[in-house]
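Chemist: Protein chains in written order, with full-length UniProt numbering: chain C, 1 to 295; chain X, 1 to 321; chain Z, 1 to 235.
Derived from the structure by calculation, the hints contain no laboratory data.
All values derive from a computational prediction rather than experimental measurement.
The beta carbon of each residue, even a glycine, is placed where N, CA and C say it ideally should be.
The reader is advised that the hints may include incorrect statements.
Stated by the list, open to error - In silico lysine-lysine, DSSO-like type, Cα no more than 27 Å apart, as pairs:
{"id": "1", "chain 1": "Z", "residue 1": "Lys72", "chain 2": "Z", "residue 2": "Lys135"}
{"id": "2", "chain 1": "C", "residue 1": "Lys170", "chain 2": "Z", "residue 2": "Lys135"}
{"id": "3", "chain 1": "Z", "residue 1": "Lys200", "chain 2": "C", "residue 2": "Lys170"}
{"id": "4", "chain 1": "Z", "residue 1": "Lys107", "chain 2": "Z", "residue 2": "Lys72"}
{"id": "5", "chain 1": "Z", "residue 1": "Lys107", "chain 2": "Z", "residue 2": "Lys135"}
{"id": "6", "chain 1": "Z", "residue 1": "Lys200", "chain 2": "Z", "residue 2": "Lys155"}
Unchecked claim - Pulled a few chain X residues facing chain C out of the computed Cβ check, cut under 7 Å:
{"id": "7", "residue": "Ile118"}
{"id": "8", "residue": "Ile123"}
{"id": "9", "residue": "Ala126"}
{"id": "10", "residue": "Phe297"}
{"id": "11", "residue": "Val298"}
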Amino acid sequence: MSTIFGIPAPALYGQILIGLINGSFYALLSLGLAVIFGLLRVINFAHGAQYMLGAFAAYLLLNYVGIGYWPSLMLAPLIVGAVAVVIERTMLSRLYSLDPLYGLLLTFGLALIFEGMFRYWFGAAGKPYSPPAQLAGGVNLGFMFMPIYRGWVVIASLVICLGTWLLIEKTRLGAYLRAATENATLVQAFGVNVPRLLTLTYGLGAALAALAGVLAAPIYQVSPLMGSNLIIIVFAVVVVGGMGSILGAIVTGYMLGVLEGLTKVFYPEASSIVIFVIMAIVLLVRPAGLFGREE
Amino acid sequence: MAVETHYIPAQPKARTSTVVLGAVAIAALLAAPFVVYPVFMMSILCFALFACAFNLLIGYVGLLSFGHATFFGGAAYFTAHAVKVWGFEPLAGLLVGVVGAALLGLVVGFLAIRRQGIYFSMITLALGQMFAFICLQAPFTHGEDGIQGVPRGHLLGLIDLNQPLAMYYVTLAIFLFGFFAIWRIVHSPFGNILQAIRENERRAISLGYRVDRYKLGAFVMSAALAGLAGGTKAIVFQFATLTDVQWQMSGEVILMTLLGGIGTLIGPVVGASLVIALQNYLAAYDFPVTVLIGVIFVICVLIFRRGIAGEVIELMRRKAG
Amino acid sequence: MRDAPLLEVRDLNAWYGESHVLHGVDLDIREGETVTLLGRNGAGKTTTLRAIMGILRRREGVIRLRGQDLLKLPLHKVAQAGLGYVPEERGIFASLNVAENLMLPPKVAESGMSVEEIYRLFPNLHERRTSQGTKLSGGEQQMLAIARVLRTGAKILLLDEPTEGLAPVIVQRIGDVLVALKERGMTILLVEQNFRFARKVADRFYLMEDGRMVGSFPGPELDAHMDQLHEVLGV
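Could you put together the complete structure from these sequences and hints?
Modeler: Right under this line is the structure:
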């Protein structure tokens with residue numbers, strides 16, 4: 001069996017794949033956080049809870065309504081996005097004139113409510129969710145064995161990230177979003193309904209988190225707390241990348257995921273903290289973040 | 001944080017009404033263990049001190065730390081270890097906890113103050129999570145089990161802290177010491193500069209203050225006092241566990257302060273008492289505490305940003321014209 | 001009703017926070033007219049435009065466009081009612097390229113210029129349409145800011161100091177553009193300090209001082225009012 005730096009090659013590739021998977025979720029979530037923060041100036045602490053809600057929506061749709069994975073990929077983001085729209089209209093929109101920290105505290109409270117309720121209803125234990133039949137099994141790539149579903153997640157998340165980036169950079173809606181991030185008042189003075197744009201953006205960000213949740217359901221178990229630890233890591237990813245750039249958020253997400261995977265191979269004890277350590281180093285060397293501008 | 005609080009300028013002498021109120025409060029605290037369970041009161045005192053320490057940062061410097069559990073829970077581990085494994089006398093054990101928390105505060109603060117506002121909060125949260133992971137893996141914390149069976153010991157070799165009343169009065173003394181330390185800090189020239197930084201950081205910089213040093217100083221003091229609270233808790237309850245270093249605990253101390261009134265001296269005490277009482281009450285039911293904490297958060301942020309003490313002060317101010 | 005003003009402002013008061021900055025401003029603009037607000041820095045000209053647009057929210061009084069009350073409308077409805085705003089700082093977005101900046105304001109009426117017409121009027125913008133908006137020169141940015149609202153079909157242009165800080169040759173060019181727009185029947189409310197520039201296009205002048213209207217006269221009478229003008233403008 002071939003080895004690389006004394007590590008069996010398949011183990012190394014396996015961890016890189018796991019790193020890519022984790023990185024996919026870091027990228028998807030930090031992307032949504034960055035888009036929401038750019039326009040609303042709110043750090044959406046509920047992002048992890050919305051990811052969890054997406055996974056749960058898929059789980060509940062399957063077990064109570066009999067709706068499978070593929071429709072859930074559409075439905076779950078719609079449901080969670082709709083809930084987010086209500087939250088933005090009734091609560092978040094009252095806080096825009098205040099210090100951004102209030103938005104963080106509000107969404108923190110909402111995250112506790114969602115996670116607490118689901119834990120109360122479904123218990124803390126994870127629930128299995130099988131990948132769809134079309135993506136079950138695995139293939140031998142010659143250098144490693146890859147479960148098809150994992151390959152699908154990496155490709156799907158890349159496509160979603162790219163799609164979101166195109167939406168923001170190349171469409172009219174994206175131009176509104178970019179312009180309003182710079183100067184919301186002027187954009188509204190040009191006749192764009194900015195309050196509705198804010199609602200839509202929050203809804204889209206939450207839907208993106210929910211979509212990540214559905215993708216994650218067959219990989220990690222569906223559990224009420226699956227989002228809360230993830231969101232803190234994603235915060236660190238966001239600090240490392242800086243929130244000024246959409247592409248930066250995506251690249252940083254994948255990069256840190258892979259780095260974390262490699263740490264699991266070479267120094268497993270440090271794998272749970274490596275992202276935080278990198279955050280600390282980046283703060284020392286380049287406080288604004290790798291892709292950020294000092295505000 | 002541009003919070004809706006009232007910053008009360010340093011007064012050379014406390015007003016007589018304040019002195020009277022303070023005397024009544026201390027008398028009530030002295031009598032309390034004869035009315036309610038001492039353990040319950042000691043729990044309130046520990047968390048009240050923790051919340052006051054946290055409030056020093058948010059209320060008087062405008063920095064929202066989302067990782068204060070690190071200092072509270074970290075000190076609990078340090079004190080528990082020093083007392084149980086090294087056989088330290090309780091006060092020396094507390095000192096180990098406080099110094100340890102201050103050192104942690106120095107590291108976390110040094111990193112976190114490199115960014116402002118919302119980033120500061122995210123960084124403290126992330127570093128707090130990192131510390132929680134370290135505690136999970138480090139051998140001396142005993143992972144999921146925590147450090148159990150910490151002896152209360154004899155204070156200075158004289159007072160037997162296994163006596164509930166003795167333990168209570170020592171805890172009360174520690175709380176009062178911490179509370180007045182914070183009062184002194186807030187009303188010192190140092191505290192005035194902190195508040196000037198909160199009001200207008202640019203202006204403070206242009207006046208020639210090394211703003212970062214003041215922020216770091218405040219951060220370390222806040223961490224040390226949070227450590228005093230955590231160390232005391234370890235001795236009172238005779239254990240230190242992961243619960244105290246996790247982000248949920250950082251969230252709870254924020255809630256206590258927000259509910260009681262950010263930027264008021266007494267607010268965190270009120271908030272901590274209410275939250276602890278509520279948790280005690282709910283323990284008998286199966287309704288999840290986290291949900292209620294979340295609901296209180298939402299209500300406070302949406303309609304009650306001054307907190308209880310803040311609202312009362314505002315009411316009295318309006319009455320006084 | 002032929003002479004009923006297109007835009008009618010009555011007793012407009014406005015506040016920045018606690019400070020009262022506009023005091024009972026009256027202003028009329030008839031269809032096809034170009035009206036110029038003159039006054040010193042801080043006289044309240046820009047504030048008047050911002051109050052009419054609704055960017056400055058704390059206002060009292062009457063602002064009517066063809067009889068429709070603008071005061072109660074949310075900010076984005078004001079543009080939709082037909083006001084096109086060209087801010088003093090030009091408001092070109094750095095994260096948008098020139099074409100995106102041009103296409104940003106939604107159309108409010110079908111009567112606006114087509115993109116082809118706009119590029120014919122401003123050939124530079126066509127040449128640089130893929131450049132980042134803020135990479136343009138000051139003059140080009142000003143052209144872009146004006147071009148941007150021409151496409152929307154706005155009935156009235158609110159132009160805030162379009163010549164400020166620009167070279168004479170560019171000022172000349174902007175003057176030509178305004179004349180061309182006037183000939184197309186566009187209604188314009190122009191804020192200027194440079195009355196030599198304004199006299200080429202203005203049908204009427206208003207004079208402002210300390211947040212109040214202190215005078216008004218038809219364009220051709222400018223010379224007759226030179227003394228008052230010098231006093232108010234301090235030139």
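Chemist: Hint by hint, note whether the structure agrees.
Modeler: Comparing the hints with the structure gives:
For the hint pairing Lys72(Z) with Lys135(Z), the CA-to-CA distance comes to about 37 Å; that exceeds 27 Å, so the pair is violated. For the hint pairing Lys170(C) with Lys135(Z), the CA-to-CA distance comes to about 19 Å; that is within 27 Å, so the pair holds. Using a Cα cut-off of 27 Å, the hinted pair Lys200(Z) and Lys170(C) is violated, with the two alpha carbons roughly 41 Å apart. For the hint linking Lys107(Z) to Lys72(Z), the alpha-carbon distance of about 22 Å falls within 27 Å, and the restraint holds.
Distance hint between Lys107(Z) and Lys135(Z) is fulfilled; the C-alpha atoms sit about 25 Å from each other, no more than 27 Å. A threshold of 27 Å between alpha carbons decides the hint, and for Lys200(Z) with Lys155(Z) the separation of about 21 Å falls inside it, so the pair holds. For Ile118(X), the shortest C-beta to C-beta distance to chain C is roughly 5 Å, which falls under 7 Å, so the interface hint holds. At its closest, the beta carbon of Ile123(X) sits 6 Å from a beta carbon of chain C; the interface hint therefore holds under the 7 Å criterion.
Because the smallest distance between the Cβ of Ala126(X) and any Cβ of chain C comes to about 4 Å, under 7 Å, the interface hint for this residue holds. A least Cβ separation of about 3 Å between Phe297(X) and chain C falls short of the 7 Å threshold, and the interface hint therefore holds. Below 7 Å, beta-carbon pairs count as interface contacts, and Val298(X) has one with chain C at about 4 Å; its hint therefore holds.
In summary, the structure is inconsistent with hints 1 and 3 from the numbered list given earlier, while agreeing with the others.
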